[in-house]
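First to last, the sequence lines map onto chains A and B. Quick note on numbering: the first sequence equals residues 1 to 407 in the numbering used here. Quick note on numbering: the second sequence equals residues 1001 to 1293 in the numbering used here.
Each hint should be verified, as a subset may be incorrect.
When the alpha-carbon atoms are kept at most 20 Å apart in a straight line, the in silico SDA-like pairs for lysine to any residue are as follows [to be verified]: (1) B:K1052 / B:R1020; (2) B:K1219 / A:D53; (3) A:K49 / B:S1074.
Reference listing, derived: stretches of chain A covered by chain B, where coverage requires no fewer than 3 residues with Cβ under 8 Å from a Cβ of chain B [what the hints assert, rightly or not]: (4) 50-64; (5) 316-326.
I should point out that these hints are in silico values taken from the structure, not numbers from a laboratory. Ideal Cβ positions, reconstructed from N, Cα and C, are used throughout, including at glycine.
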Amino acid sequence: MSAVLKPKSKLIVCDGNEAAAWAVAAARVEMVAVYPITPQSSLVEYLAKFVADGRLAAELVDAEGEHSVLSVLQGACLAGARTYTASCGPGVAFMFEPYVRTPGLRLPIVMGIVTRDLLTPQSVWGGQQDAMSVREAGWIQVYCESVQEVLDTTIMAYKIAEHRDVMLPVNVCHDGNYLSFGAARVELPDQAEVDAFLGEKDVNWHVALDPRRPMAVDPLTGGAVGSGPATFVRYRKGECSAMQNALSVITEVHEEWGRRFGRTHAPLVERYRMQDADYALVTIGSMTGAAKDAVDAARERGEKVGLLKVKTYRPFPVQAVAAALAQVKAAGVVDRSVSFGWNCGPLFQDVIGALYHAPRRVAAMSFIGGLAGADITTGHFDEAIRRVAELAQGAAAGGTVWLNEKD
Amino acid sequence: MSATTMLDSAAEFDVRDYLRAEMMPHFLCPGCGHGIALRALLWAVHELAIDKDRLAVVSGIGCAGRLSAYIDASTFHVTHGRPIAYATGLALARPDLHVIVITGDGDCLAIGGNHLIHACRRNLKLTCLMLNNEVYGMTGGQVSPTTSETRVTSTTPLGNSEPHFNACALAAAAGAGFVGREVTHHVPKLKELIKAGLAHPGFAFVEVMTDCTEIFGRKNEMGSSAEMVLRQKSELRPSAYRDTVDMPFAAKDLPTGILARNDRPEYGEAYRRAAVAIKSAADNPAAGRKSRQ
Ligand code: SF4
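Could you build all of it, start to finish, from the sequences and the hints given here?
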C-alpha cells in the first residue's frame, strides 16, 4: 500500500467498523437494513449516525432479525436500490435462507461480515467460522488485512458486484475485535472521485420488481418431473461462470482503484518475500500483519521463508495460489476456523486443492489459531515457521497444529 | 437478622440459596433493573416451594438472557430469540418440570416474536418472564420493538419514529392463558404476579418493566437509577397526578397486575390425552369405526 495522499482526500482516524460505514456513505448506498450483533454493532450505529447527519442519504431499516434484514435488502435491490448490511456469527447463521438465495437471484448486495466465531460454546469473539461456514453459498468473499483495506474494498465491492459479467453479492470480511475495533489512520477518498470510479449504479437490469416490465421473479422451476431440470442447471452454471469472471473483474477493479487513488491492494493473493523462498506461510485476514513480522524476523536469521496472503477466497484463485506456491518445498496454511469433517482448516483444504495444479508436489500442513478471539502472535508464527521448515526438509507433515491450545 | 431478610415476607428466603456463587460477581451494570427482577423471580420460586431440581430455566441472548446462568437450577442459555422454542421441547418432554423462560424485549418480540405468538396460541405450560427495558442493552443500546416513540437510541439518534408493541395486548390477543405486567419499583407485587404466573396451568406471560440505567437511561437523560425507578411509579399514577406532581414525566397509562386470564386447555395435557385416545382407537379399530358412524 502506498502512502501518497491524494490532494482532495481527507485523513481520519477510525476503526474497521467506522471505515466500512464511511465506505457505505461514499458508495451512495440507498437502502440499509440492520440488526445489531457483537462485534458488528458499532458499524450499524455509525450508519444510523450518518443517516441522521445527512451524510448518507439512505433508508435505514431496524429490522426484527437478520433473516428479515437480508429479505428487506432483496426487495429493495429488486426495486433498484443499492444496498448494504453487515452481520456476523449467529447473525449470519440466522440469515442463511435469504443468504443462499441471493446469488441465484444475481442481486449485487454488499454485506460486511465482521467475522466472529460460531456457537457452541457461547462466544462473542472474533474468528472466521461464520464466513467460512457459508463459503459454498455462491457469494464472493474477500478478506481484509487493514482498516484502510476495509474502507477501500467496501467501495470496490459495489463495482465488482454490479459488473455485468459478475452480478453476484459480495461479502467484505474483516476480523471481529481486531479490525472492527482497532483504530488506524485512514485516508478517506474524495466523493467526486468515488462517484467517477463507481459510475452509474446498475443493480436490477436483469431481474426487477417494476410495474413497467412485469415479471415473475423466481417461480418454481422444473425438476425430475415436469419440464425437467434444464432451467435449474442453467442458473447454476451461470453462477459458476460469473464466479470465474469475477477473478478478472476483481483484478481489474483493484488495478483501477490503484490508478485513481494511488493506493494499491493485492486483488487475489499477495506474495510477500516469496522470491527465492524455500517454504511459505499462507494467511488470511488481519493475522497477516503479525505473520509478516515473523517472516521478516526469520529472514533476518537467514531463513528462506515467504508468505502468501489470500484476499479473495471465493472465487478461490486456484491458479494464482498454485503459481505462487509452485517454487516452494512446503507450505503452512494458517486458518482462523475449522473444517470439521476434514480435521483441518478450510483454507488449508482449498490450498491443497489448488496445489494439485502445481507442476510438482508441495508438502503442506494445517495450523488453526485465533479461535474465539485468541491472539495469533509472532511467537505462534515463529513456531509455525519452524514446523514448516522441518516439513521442507522432509519431516512428516503430521496432523493439524492447534496454535492456541495451551494459551 | 439483617434488614434485608426482615423485608422479605418469608423470613427464611435468602436469595443466595438460589444463586450460583461461583458465577459472582454478576455482569449487570450498577442500578440495572434486571437484578431486581431476578430476585423477585427467585423469591416467587421460594414461596411456591419449587424444588430446584425440578426447575429448568431457559434464556435467550441479551442482558436478560445472561440471568439464567446465575440461577442454581438446570439452566440453558440458548440462541437469540429462541428460548420459548427450546422451552417448548423441554416442557413437552418433561411435563414434571417447572420450565421458566427469561427473555428481553428484543429477544422475545423482535427476533423471537414468532415463537411468542405460537406459544400463546398453543398454551403449553411455561412461564415466560419478559424483561422490558425498551432497548438492546447488551449490544450498546439499539432500538427495540418496545422503544417508546421519540426515544433516543444508538440506531435512532434523532428519536425513534416507529410505533412500539404493547406486549401484553399481543400475548392476550394470541390466546395466552395468563398475561400480567408489573414494574421493578413494586417488588412484592412483582413477586406475587410471578407466583400467579408460575401457578397458572397454561402459558403465562409476565412482562416486567425494568430499567436499562447505563445505556437507555443515559442516552435519554433520565437521571440516576433511583430516579428511573421513581419514574415508573409516576407512570402508574392517575393522570391527574402526572399533570401536576410528576411533571415532566411523560404519561404512559401503564396498566399492571393480571391483565388477562383464561382456562383454555393446556397443550401438553391435551396432547397426551389425544395421544392416548388415538392409541386406544388404533388398538381397537372396530370400536373406532363404530364411533365414527
Ligand atoms: S446494559 Fe442496560 S440492561 Fe444491560 S446490564 Fe447494563 S443497565 Fe442493565
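Right, here's what the structure says about each hint:
1. B:K1052 / B:R1020: Since the Cα atoms of K1052 of chain B and R1020 of chain B sit roughly 12 Å apart, the hinted pair holds (cutoff 20 Å).
2. B:K1219 / A:D53: 17 Å, holds
3. A:K49 / B:S1074: The hint is violated at about 42 Å.
4. 50-64: holds (count 4)
5. 316-326: Coverage by chain B is violated for the segment 316-326 of chain A (0 residues, Cβ < 8 Å).
Hint compliance for this structure: hints 3 and 5 are broken, all remaining hints hold.
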